[in-house]
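Asks: Sequence:
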Amino acid sequence: MLVTLYFSKDYLALTPKQKKQICNGVGAKGAWYNLLIPGKKVFHEPANGHDSDYYFGKTKEDKEIADRRFNQNNNRIVEATKNPILKKCRKVLAKSMFIAVRDFGDEAYWKDKIVDEENSKSKEIEVWKK
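172 is the number that the working numbering gives the last residue of the sequence shown; the numbers go up by one with no jumps.
By construction, these hints were calculated from the structure, which means they are not laboratory data. Just so we're clear, the structure is a prediction, and the values are computed from it rather than from any experiment. Don't be surprised by glycine CBs; every beta carbon is placed ideally from N, CA and C. Just so you know, nobody snuck in bad clues.
With a cut-off of at most 20 Å between alpha-carbon atoms, the simulated DMTMM-like pairs for lysine to aspartate or glutamate come out as follows:
{"hint": "1", "residue 1": "K133", "residue 2": "D145"}
{"hint": "2", "residue 1": "K105", "residue 2": "D148"}
{"hint": "3", "residue 1": "K71", "residue 2": "E87"}
Quick list of simulated restraints, FRET-style, between CB atoms:
{"hint": "4", "residue 1": "E168", "residue 2": "K62", "range": "33 to 41 Å"}
{"hint": "5", "residue 1": "L77", "residue 2": "A55", "range": "26 to 34 Å"}
{"hint": "6", "residue 1": "K59", "residue 2": "E121", "range": "30 to 38 Å"}
{"hint": "7", "residue 1": "C131", "residue 2": "S164", "range": "46 to 54 Å"}
{"hint": "8", "residue 1": "K83", "residue 2": "P126", "range": "15 to 23 Å"}
{"hint": "9", "residue 1": "W170", "residue 2": "L47", "range": "43 to 51 Å"}
{"hint": "10", "residue 1": "N125", "residue 2": "D52", "range": "32 to 40 Å"}
{"hint": "11", "residue 1": "N125", "residue 2": "S164", "range": "49 to 57 Å"}
{"hint": "12", "residue 1": "V45", "residue 2": "Y75", "range": "22 to 30 Å"}
I would like the entire structure built from these sequences, with the hints used as guidance.
Replies: Take a look at the structure:
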């Protein structure tokens, strides 16, 4: 099945080595529950693009764009599906994945980012003394 998907320029510029380091397909990187997620193969490429968007994103708006692009790409796959039963299953899964990243993706998106890098300065402090 051929489907036209849309990705950020950053994703399209990744080398295979960079793609392997940044992208992990459907699910959270290294999470045990990834084994339970259906449809990993069919939605693999949109998920990789989404991983890249999260990696390169800097703002709340970038996260929203990443989530919407992921949803739109997944919906393009759903629409290209000919089998009506499979299409319905993929539609439910695509919607579930969008809700998951939209509502629960903040931790993954903001991991290792400084929220206001331009106006922030780091300082090492001791947070626990015996």
